[in-house]
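Keeping their order, the protein sequence lines are chains W and Y.
Once you know that position 21 of the first sequence is 20 in numbering that gives the first Met the number 0, the rest is easy, because the numbers rise by one and skip nothing.
Once you know that position 5 of the second sequence is 4 in numbering that gives the first Met the number 0, the rest is easy, because the numbers rise by one and skip nothing.
The reader is advised that the hints may include incorrect statements.
Using C-beta positions, here's what the derived DEER-type ranges look like [unchecked claim]:
1) S159/Y x G168/W: 31 to 39 Å
2) K169/Y x T111/W: 13 to 21 Å
3) D128/W x K169/Y: 53 to 61 Å
4) E481/Y x T2/W: 28 to 36 Å
5) E280/W x T15/Y: 15 to 23 Å
6) L225/W x S159/Y: 32 to 40 Å
7) Q180/Y x P306/W: 54 to 62 Å
8) T173/W x E28/Y: 24 to 32 Å
9) S358/Y x D87/W: 48 to 56 Å
10) E81/Y x L225/W: 41 to 49 Å
11) E56/Y x D258/W: 50 to 58 Å
12) Q180/Y x T234/W: 25 to 33 Å
A few chain Y positions that, by computed beta-carbon distances, are all more than 12 Å from chain W [as the list claims (entries may be wrong)]:
13) A46
14) N60
15) T67
16) I146
17) D156
18) K169
19) D246
20) S360
21) G403
22) P536
A partial selection of chain W residues facing chain Y, derived with a Cβ cut-off under 7 Å [as the list claims (entries may be wrong)]:
23) K77
24) V131
25) I132
26) S136
27) K137
28) K262
29) D266
30) E273
31) R279
32) L291
33) D294
34) T302
Keep in mind that the hints were calculated from the coordinates and are not lab data.
Every value quoted in this text rests on a predicted model; they were computed, and no experiment measured them.
We treat Cβ as the ideally placed atom computed from N, Cα and C, and that holds for glycine.
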Amino acid sequence: MPTIIEKLYQTNLHGRGGAAFPTAKKWEILLQQQSEKKYIIANGSEGEPYVYKDEYILTHHPEQLIKGIEIALKTIDKSTAYLYLRTDYFDRFKASLEKHIGNLPITLFRETSGYLGGEETTLINTIEDAKVIQPRSKPPLPLISGLWNYPTLINNIETFYDVAQIDQGTYKETRLYSITSEGEKKGVFELPEHWTIQQVLEHTNMLPTFDFFTQIGGSASGEILLSDELNIPVTGSGAIIIYNKTTTDPFALMQRWLDFFFKENCDKCLPCREGVYRLREMINTKNLNESLLSDLFFTTQKTCFCPLGKSVHIPISSLLKKVCGVTITV
Amino acid sequence: MKNQTISLTINGKTITAETGKTILEIARENNIEIPTLCYHPDLEAKAGCRLCLVQIEGEKNLITSCSTIATDGMNITTNNEEILRTRKINIELLLAQQQDKKPAKNNKLLQLAKEYNVTKPRFPNRKINYPTYHFGHSIKFNSALCIDCRNCVDICDKQSIEYLEIKENKHFLEVTPASEQEHKNCISCGQCVTHCPVGALDTTDSIDEIQQILNQKNKTVVFQFAPAIRTSIGEEFGFPPGKVLTDEMVSALKKLGVDYVFDVSVGADVTTIEEARELIRRLQGNEPLPMFTSCCPAWVRFVEHNHPELIPNFTTVRSPHIILGGLTKTYWAEKHAIAPENIIVISIMPCIAKKYEASRSEMNINNLPPVDYVLTTRELAQLLKNNHIDLQQCTPEKADDFFGNPSGAGVIYGASGGVMESALRTGYKELTGEELPNLNLQEVRGLKGFKEAEITIGKATLKVAVTSGIKNAKLIIEKLKENPNAYHYIEVMACPGGCIGGGGQPIPVSPEIRKKRAEGLYSIDNHKKNRLAHQNPAIKTLYEKFLNNHQNIHTTCHTTYKQKAYEPVRISFPKEDQT
């Protein structure tokens, strides 16, 4: 009988939160730590616009989620767990989750720290009730020293959902796709993870008849792909957002993203705090200074503290290039 | 694991280093400069300014050298084209968030901008009309100069005062003094000032006023300098930290046209004697123990605001410069037939809270303040520079009689443990009639924030504690709640390492710099013929001629304390500041 970690290796499960780290590896590292206490955290922060697959699991499969966490609790010695949920999810699903949790050592945590609160070191600071909500330096990895300096495993809610199915032998190498078209949430679909975006849209009858472009991963940090670039699998947290190419104002779209980053970033590191502000100012004036844009893309990508800042340039530079015809060489 | 070494390469140079050090530390030890703004050796690395990024071979991303421990075999580049480009852009972004209306002294950002050839930012300034906050009696925080590095917040937390906070303002998280609702008080330790890399925090300065007084020449001007500044003032003039420059400083002050220059360490000798006597009285009588020192005004502010229940435990003895100022305006004034109101006493202090202390009306003698003005070490350096006086060019001169020659005990007041050591040297004599056999009380020396010792004096064993950094004082207060008899005598200094690490001292400061400044003071004590306050001939005469009755002792050497009300922050905007 293979252990769950062997099964995770066999199925090659990768984390569903966006970074796609091999799950088996994470669990193995945590297992190897010598510590009087270990923590397991299921991350249901889901803070990026138009990503709503965790909500889908919480609505339709709470028992599978709790099962997944329970398997982790059984696998990892001396462990207790947190189920970390954004405020509205916490309020909506608390009662149902508590029923499934029963006597298991799983604490529900109501998160109020927004988009950045989903980043794993910020998540730890949030649970620890740090004075200022911001990411921590890595190393140490949370797996080595995380919540209250104990080894800590952080997996996305969907990852635990998959773990439960792997354990039961019902896993079919599928993942969840949140699809949004022209601002309307079309639903969450469970389909093979290796499918291309094109296949997913065709299968779900979501392939638009109008001229369109897509954003893949989430409606802030996701990359822009044109309708002829969809023969690749989805990345990140599995969201596909469809925009009408004729009616979408690219500047309004960039303003929306940058407003989001400006409000949600933590201001700890200089390039994100100042770089996002200056990008937003420039986009607001619709007056593009290409060498300045190049410098801002360069410094945010190269020098930001956490993944949020490092990815700010991705949607903007790809939109400018593919939709506005402005290529910024970094 | 200790003492193991690693071998690594930085910019092609092979370097051997101790394990456990950061890349930045190792680079700097080897004279490889990596720019930093938010890094401070007193604080945990925040890695926020992103200027210290370096490339490690095999790593995809650039990493911050301030927060990364070097490991064996690392191959590091600190200055390739990519790194230099990020630094230039990031410096430009910082410049554009700093309202550069008046280049502050100690503005490391402007130095870096020059070094990296970043002239005019391509962005409009975003902190126009940002306010200046005035708090802690004499600290001002110009938020338009702030680069959001948060060092001030971290050091204020480390002091466990938590007066400076991070608050949201129009989607920016910014440094802000505690709100009125919180009723927190700044203790004026000034650690935020010495840990600010860009001079956004500073003291309200008195340099112009002093210059006017010096120009008018219609008053007798007396300068008196604190124990701790004689080994730090040199840093402002290119000397290494710890260099003893007492007599050069006297000479520089004389060049300003000052009539008399006195040494506050002589005042410290009086404090020592009075404090030793009070301690003995408390040990033998009914007044509360432990006795706390009260010569650190930031500590006094802390207690008066937050722990009024400890006021009865304060020694009533005034701090050295207040005593000396008072003696100048009474005993010395009479001797020289000068009306006290025609004397202006200016103290040069390593401290910002001393400005507050000098303004306390409890100190007044015949309605005159013993000390009229307080300049910090940094302000004195600026005043000298304004007058084109270079300490490097000054030939040593002695401070003036009658208050020019202290004991060694009076000099070590500037280092944590110094007050305790001085008082015990004298207390031993007062109690036993004999001199302390070994004058060097090593147990209370050094930069450790919390020191304790048991000192045998005759048949008695005295339990003492010495703390520096206000957080350690809080620990003592907690300890006393559990065991009120834990100690007899406790010295508290609000700043790390005592006055040598004071908020008015030269910038930068680090554990290494504090160590050298303290060593300088102890070397003076070691070389002094007279190391005991009670054997200082000037002090003996003083007690014979003036401090020979309760009245004089009481008015010049003792004071009172009381619970203080909350002090709200004052906010001013650039337009008001210009008028």
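Hint check results:
1. S159/Y x G168/W: 31 to 39 Å: violated, 56 Å
2. K169/Y x T111/W: 13 to 21 Å: holds, 20 Å
3. D128/W x K169/Y: 53 to 61 Å: violated, 25 Å
4. E481/Y x T2/W: 28 to 36 Å: Taking Cβ atoms as reference, E481/Y and T2/W lie about 50 Å apart, which means the hint is violated.
5. E280/W x T15/Y: 15 to 23 Å: Given range 15 to 23 Å: violated, Cβ gap about 48 Å.
6. L225/W x S159/Y: 32 to 40 Å: Given a distance of about 57 Å, which is not inside 32 to 40 Å, the answer is violated.
7. Q180/Y x P306/W: 54 to 62 Å: violated, 36 Å
8. T173/W x E28/Y: 24 to 32 Å: Violated: the Cβ-Cβ distance is about 55 Å, outside 24 to 32 Å.
9. S358/Y x D87/W: 48 to 56 Å: Between S358/Y and D87/W, where Cβ atoms are some 54 Å apart, the hint holds.
10. E81/Y x L225/W: 41 to 49 Å: violated, 30 Å
11. E56/Y x D258/W: 50 to 58 Å: violated, 39 Å
12. Q180/Y x T234/W: 25 to 33 Å: Because 47 Å falls outside the window, the suggested range is violated.
13. A46: violated, 6 Å
14. N60: It is violated; N60/Y is separated from chain W by about 8 Å at its closest Cβ, not greater than 12 Å.
15. T67: Nearest chain W Cβ is 8 Å from T67/Y, so the label is violated.
16. I146: The claim breaks: I146/Y does not keep its Cβ more than 12 Å from every Cβ of chain W (closest is about 8 Å).
17. D156: violated, 8 Å
18. K169: Violated: least Cβ distance 10 Å, not greater than 12 Å.
19. D246: About 45 Å separates D246/Y from the closest Cβ of chain W, which puts it past 12 Å; holds.
20. S360: holds, 37 Å
21. G403: Non-interface label stands for G403/Y: nearest chain W Cβ at 49 Å, farther than 12 Å.
22. P536: Since the minimum Cβ distance to chain W is about 55 Å, P536/Y lies beyond 12 Å and the statement holds.
23. K77: For K77/W, the interface hint is violated, since the closest Cβ of chain Y sits about 26 Å away, which is over 7 Å.
24. V131: holds, 5 Å
25. I132: violated, 9 Å
26. S136: S136/W check passes; min Cβ-Cβ to chain Y is 5 Å, inside 7 Å.
27. K137: violated, 9 Å
28. K262: holds, 5 Å
29. D266: Holds, about 4 Å.
30. E273: Result: holds, 4 Å to nearest chain Y Cβ.
31. R279: Violated, because the Cβ-Cβ distance from R279/W to chain Y comes to roughly 10 Å (cut-off 7 Å).
32. L291: Holds, about 6 Å.
33. D294: holds, 5 Å
34. T302: Nearest chain Y Cβ about 4 Å off; hint holds.
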